[in-house]
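J.: Let the sequences and hints guide you as you build the complete structure.
As they're listed, the protein sequences go chains A and B.
If you read the first sequence in my numbering, its first letter stands for residue 1, the second for the next number, and so on.
If you read the second sequence in my numbering, its first letter stands for residue 324, the second for the next number, and so on.
Not one of these hints is a red herring.
Covered stretches of chain B (chain A as the covering partner; in silico rule of three or more C-beta atoms under 8 Å from a C-beta of chain A): (1) 492–500; (2) 510–522.
Here are the computed lysine to aspartate or glutamate pairs in the EDC-like style, where the Cα-Cα straight-line distance is at most 16 Å: (3) Lys517/B x Glu114/A; (4) Lys174/A x Glu204/A; (5) Lys203/A x Asp225/A; (6) Lys90/A x Asp511/B.
Since the hints were derived computationally from the structure, they do not count as laboratory data.
Using N, Cα and C, we set each Cβ at its ideal position, and we do this for glycine too.
Take a look at the letters that make up each chain.
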Amino acid sequence: MLRVENLKKYFPVQKSALEVLLSRRRDFIRAVDGVSFEMKRGEVLSLVGESGCGKTTTGRIIVGLERPTGGKIYFKDREISSLSEEEQRKMKKYIQMVFQDPYASLNPRMKVGEHLVESLTIHGIAGNEEAKEIAMSMLDRVGLPGEQFYNRMPYQLSGGQRQRVAIARAMILKPEFVVADEPVSMIDVSLRAAILDLLMSFKEEYNLSMLFITHDLSVARIVGDRIAVMYLGKIMEMGKTREVIHNPKHPYTAALLSSVPSFLKKERRVEIIGDIANPIDIPSGCRYHPRCPFAREKCKKEEPELVCEEHSFACHFPLEGGF
Amino acid sequence: MAEVRNLATTIFSFLPEAEGRYMVISGIAIITIVALMAVFSPFIAPYDPIKSGKDVLQPPSPEHIMGTDNLGRDIFSRIVFGSRVVLSVVLSASLVSTVIGVPIGLISGYFGGRLDRVLSMLMDSMYAFPGLILAIAIAAVLGPSVFNAVVAISVVYVPTYFRMIRGQTLSIKSQLFVEAAKATGASDWRIMRKYIFPNLIPTLVVVFSLSVADAILTEAGLSFLGFIVSAPTPDWGFELASGRPYLPAGYWWMITFPGLMVMLLSLGFALVGEGLSEIYAIGRER
Chain A
1 MLRVENLKKY FPVQKSALEV LLSRRRDFIR AVDGVSFEMK RGEVLSLVGE
51 SGCGKTTTGR IIVGLERPTG GKIYFKDREI SSLSEEEQRK MKKYIQMVFQ
101 DPYASLNPRM KVGEHLVESL TIHGIAGNEE AKEIAMSMLD RVGLPGEQFY
151 NRMPYQLSGG QRQRVAIARA MILKPEFVVA DEPVSMIDVS LRAAILDLLM
201 SFKEEYNLSM LFITHDLSVA RIVGDRIAVM YLGKIMEMGK TREVIHNPKH
251 PYTAALLSSV PSFLKKERRV EIIGDIANPI DIPSGCRYHP RCPFAREKCK
301 KEEPELVCEE HSFACHFPLE GGF
Chain B
324 MAEVRNLATT IFSFLPEAEG RYMVISGIAI ITIVALMAVF SPFIAPYDPI
374 KSGKDVLQPP SPEHIMGTDN LGRDIFSRIV FGSRVVLSVV LSASLVSTVI
424 GVPIGLISGY FGGRLDRVLS MLMDSMYAFP GLILAIAIAA VLGPSVFNAV
474 VAISVVYVPT YFRMIRGQTL SIKSQLFVEA AKATGASDWR IMRKYIFPNL
524 IPTLVVVFSL SVADAILTEA GLSFLGFIVS APTPDWGFEL ASGRPYLPAG
574 YWWMITFPGL MVMLLSLGFA LVGEGLSEIY AIGRER
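T.: What follows is the structure, encoded as structure tokens:
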């Protein structure tokens, strides 16, 4: 369905004119630094990591909002990252995105219903009248009765209602792949479950694949068939949700799990040292070693590869035993 | 009195209860008065504005509330008819500047890059000239006429619209809903038309009223120098010029009333612009 190979995205660092004159070296923020994974139809992969680890950038590249610096993305065996603008625009019929911030993702001067009609008319799926009807029933479907909500303006809606509109806008195209970028992190806790249920019901209905980006492991545990843990632009560990959560191999995964109070028993908790490293100046060897309590000499020199198996991890000294 | 208050509240209910509301209301009142003067000139003006009379240089009196000029014409009547020239020149010039400046600013801000740099430099170099001097230069090259004055004034204000719209476009295009439209698959043209332009309208209304306020002064300047109308046609700036020689002799009314009208109308548009910008600034925080 979707295969990502060695995806890279480097952002050049803004420098003043004087700095450019003084040094020839150009610095880059290595937001995504060699990410590979594969997803099957109907599968949900949770991409987990701290803020700044490149998980959102990965999602943005896949939907075509960002051009990768390197690597390839295959959607149904077709390379899509190097398509022309126009062809990429057409691909968006199949690949949609739900954004994190429902307060900013709707046009403040466009009616709720028009957001859905837009999706349909852009891709030439329906004429105006028909599109309006489809939009009405879609609004009903996401729990906002069309009769009441079609003509409302976004500012009249709550955060949860707006996110429903944003989901409807993406799902009305019946996409095959959806990137959900922290779709519930800005939603009131009491409404999160309902929004997640809504997303998952579409996943079932259309049998779509979803890249679910989140920093919250407790959410990832519920939604994902698989989990990929990202750190400083690379995937550290990836596997079945149950496996990763109950039997983490990578100290970083264990540390993340330890930060959720109920996941690990006290004696199994792993600490994390200091702050996330600077993505301009990525540490040598294993990029996690400065923060890893188990780091040894080898970790500083050799970068561990992600072993591609059912449960893969990039660590020289994986943790033993289940949790 | 209470009924008048209620009526006013109903009419202006579209304005939020915010500071600046009364600025907008008083501005609209001034503009409405002048607009009514322009539309119904023949019914309002008590005398023929062009025909000379024998009572020359009469001070304000019940018959001639603003006095008469050196040819015995009623100044109030000339002011009433003069509002037609002022409003038509200023408004059509401002519309032309809007129609040119807004799309260029939008395209320049949206696409950025080399096109944006060239356009910005061009517009900045025009902006560097004092408005009136530029208008005089253009009007002088084209020759005096109402049409040429419209051209001259509209050229002067294109950079104002360009700069404001470009800046606003830059800030809107970085907002998430534009990203979301891109992710839906909207084309650049569609994003500009349905996502950016509607969000520019508040800015546009403010810039329009403020630059009309400025254009009224420029128009008066051009008219004063004789670049717009010639002899018998009444126009406020032109009245100033014809009254000027009589001021030292003590005939103050020939120059005072047209001058006050220019100031008042400009103030009207400035009040609307400033008031609205205040209201929208509050709206943005919401």
